[in-house]
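Note that the working numbering has the sequence shown beginning at 452, numbered continuously upward.
If you're looking for bench data, these hints aren't it; they were derived computationally from the structure. One thing to keep in mind: the hints can contain errors.
[Said to hold, decoys possible] Taking lysine-lysine pairs in the BS3-like style, the calculated list, with each CA pair at most 25 Å apart, reads:
(1) 490 <-> 475
(2) 454 <-> 484
(3) 600 <-> 545
(4) 600 <-> 563
(5) 545 <-> 605
(6) 562 <-> 605
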Amino acid sequence: MAKELPSRIPKPGTPLNLLADRIKSLESEIGNKQATRQKLWDDHPIERYVPTSNTFRQIASLDIEIAFLQQSLVYVRNLHGFGAGPAEAERQIKRFQAGGYELADQIYQNKKAQWELSKRAPLIWRVPFTPAHREMEQLEGERLLQSAKDLLDKEIGHWQGVLQTLQKIPHPGSLVLDHAPANRTIQPVHDRLSENDKQLEGSNFRKFMRPVKEVLPTALWILVLALLSPLLVKAITYYLIAPVAARRPPIQLLPESSGRISTSIGAAGSESGQTMPSRVSLPLALDERSELLILPSYLQGMPLNAKSDTRWLLDWSMPLTSLVAGMYRLTRIRPNSEERITVSSSTDPLAEFSLLDVPADSALVLQPSCLVGIIQTRGEPLKITRHWRFGNLGAWLTLQFRYIVFHGPAKLIVKGCRGVRVEPAITGRSINQAATLGFSANLDYSVARNETFWSYYFGERELFNDSWRGDGCCVHAETPHPDDHSGLFGRGLQGIVDTFLKIFGI
Numbered sequence: 452m453a454k455e456l457p458s459r460i461p462k463p464g465t466p467l468n469l470l471a472d473r474i475k476s477l478e479s480e481i482g483n484k485q486a487t488r489q490k491l492w493d494d495h496p497i498e499r500y501v502p503t504s505n506t507f508r509q510i511a512s513l514d515i516e517i518a519f520l521q522q523s524l525v526y527v528r529n530l531h532g533f534g535a536g537p538a539e540a541e542r543q544i545k546r547f548q549a550g551g552y553e554l555a556d557q558i559y560q561n562k563k564a565q566w567e568l569s570k571r572a573p574l575i576w577r578v579p580f581t582p583a584h585r586e587m588e589q590l591e592g593e594r595l596l597q598s599a600k601d602l603l604d605k606e607i608g609h610w611q612g613v614l615q616t617l618q619k620i621p622h623p624g625s626l627v628l629d630h631a632p633a634n635r636t637i638q639p640v641h642d643r644l645s646e647n648d649k650q651l652e653g654s655n656f657r658k659f660m661r662p663v664k665e666v667l668p669t670a671l672w673i674l675v676l677a678l679l680s681p682l683l684v685k686a687i688t689y690y691l692i693a694p695v696a697a698r699r700p701p702i703q704l705l706p707e708s709s710g711r712i713s714t715s716i717g718a719a720g721s722e723s724g725q726t727m728p729s730r731v732s733l734p735l736a737l738d739e740r741s742e743l744l745i746l747p748s749y750l751q752g753m754p755l756n757a758k759s760d761t762r763w764l765l766d767w768s769m770p771l772t773s774l775v776a777g778m779y780r781l782t783r784i785r786p787n788s789e790e791r792i793t794v795s796s797s798t799d800p801l802a803e804f805s806l807l808d809v810p811a812d813s814a815l816v817l818q819p820s821c822l823v824g825i826i827q828t829r830g831e832p833l834k835i836t837r838h839w840r841f842g843n844l845g846a847w848l849t850l851q852f853r854y855i856v857f858h859g860p861a862k863l864i865v866k867g868c869r870g871v872r873v874e875p876a877i878t879g880r881s882i883n884q885a886a887t888l889g890f891s892a893n894l895d896y897s898v899a900r901n902e903t904f905w906s907y908y909f910g911e912r913e914l915f916n917d918s919w920r921g922d923g924c925c926v927h928a929e930t931p932h933p934d935d936h937s938g939l940f941g942r943g944l945q946g947i948v949d950t951f952l953k954i955f956g957i
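Work out the full structure, taking the sequences as your base and the hints as a guide.
Quick look at the structure:
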C-alpha cells in the first residue's frame, strides 16, 4: 500500500473541488477500515495476540493502512488549505475592487454635476437661499463618497498584502509517507521471528537449505536461458533473417553453359525429358577409348583383359579437396575392347547409383562426396573448376562459399540415399538442402525458407531449401542420409566436420 497510495493522492495544483472530494473519500475509507479492525478485534479475543495467526496479520495490516491513510488525509487537507487561502484573498480583492469602481463612478458624476451647475448659474449658486445654492450644498454634502472609497482602497491594500504573504509560502511537495507507524506495528512480530530464527540457526535443515537458497536463483536463470536461447535464436533466424535471404538475387555460376544432363535413357534438361531410375547395382559399358576411375569399394568386378592401375588423386590441382572428399587411391580401368562393369556398394545398404552424362557444352555443380567414379575419354582428363561466392547473404547463412563444377564431356557415377533423382528446373524447383547433390551450372540458384518453423526447430529440416530456376536440372537424393548432420546446428564432432565440408562445397 505504501507504493500504491501516493498515486491515489492529488498533486499540488489540483483544483479545490477535487481536493474536497478526495478528503471526503479518505475520511470514508479510514472509517470503514477502523470499523473492520474493531470487528476483528472483538470477534477474536485470543488470535489477536498471536503473531502467527491470520487475525493478527489482518489487524496489523489494517493498522498500517489506517496510519498511511491518515497521513494522506493530513497532506490533502494541507493542500486544500494552501489553495483555499490565496483563492479567498483574491475573492475579497475582487469584491472590494468592484465596490471601489462603483464609488469612483459616483464621485465622478458628483464632480461633473457641480461643474455643470457652476456653469449654468455662475453667480446665483453663491447666493444663499437660492435654489442653485441649495443644490450646490447638496452636491458638496456627498463628500462622504470619497471617504467610503478611501476605506475600500485600504481594504484592497490589506488583502493584497495577505495574498503576497500567502504566495511567498513554499509550495508543498509530493506526499512522503512516514513508515514509523508501520515499523512500530511490525517490530513485535520481527522480534518474535528473530528469536525463532536463532533457535533454528543450528539445525541441520537450516545448514542444508542455506547454500541451496544461495545457488537456486542463479541455477534457475541458467536453466531458463538454456531452454529459451535455442528457441530465440532459431525464431530470429527463421522469421527475420531467412525471408531477407530468400529475396536476395540468385547465384548463376556459368550462364553460358547449356545445363543439359542425360542418362542412359534420355535427357533431363527439359520438362519432357526422362530420367533413368537409380539402381542398387549399376551396370556400365566401357569401350577401348574410355577409362573408368572408381573407388575400389564400389567395384564389384572387372574384366580380365582390362588394364588397371592406381590413380592417387582425382584431380591434382585440388589435392585437399580430393583427399577430404574421399576421391583418392582410385582404381583406373582401361579395357582393350568393349566390356561391362558393375558398380555396387558393399558397405552402405541404402546407396543407389545413377550414371549422369554431361555433354561437351554443359557443366554440373556437384558435391565430390557423392561421386563414386567417372568415365572419361583416354587422354582427355575431366575438367574441374572452383567458384567462390562471398558476396551473397544466402552463402553466409547456408555456409557454402565454394562450388565445384564438372565440365563436360564426362560421365559421372553418383550415389544417393535410397536413390538419385534428376529433375528439370524450367518452372522452378525447391529441394530439401540436406538431399541436394548438384545442379546445372547455368541455373539461377537461390535459397527458399523451409515451409514450417517447428520442423526446422526440432532439426527435422534445414532452415533453407535449395531452389533453382532455368533451362537445366537439379540432382538430389531421394532422402537425406540418416547419418548426415550438416548445417550450423549439426550434432557433435560429425556436425562440425560436415559443416566444414559444406563450406568448401565438398
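Here's how the hints hold up against the structure:
With a CA separation close to 23 Å, the supplied pair residue 490 and residue 475 stays within the 25 Å bound. For the proposed pair residue 454 and residue 484, the alpha carbon gap of about 19 Å is at most 25 Å, so the pair holds. With a C-alpha separation of about 14 Å, the suggested pair residue 600 and residue 545 falls inside the 25 Å cut-off, and the hint holds. Pair hint residue 600 plus residue 563 holds up; C-alpha atoms about 18 Å apart against a cutoff of 25 Å.
Of the pairs offered as hints, the one joining residue 545 and residue 605 holds, with about 13 Å between alpha carbons and a cut-off of 25 Å not exceeded. Taking the CA atoms of residue 562 and residue 605, the gap is near 23 Å; set against the 25 Å cutoff, the hint holds.
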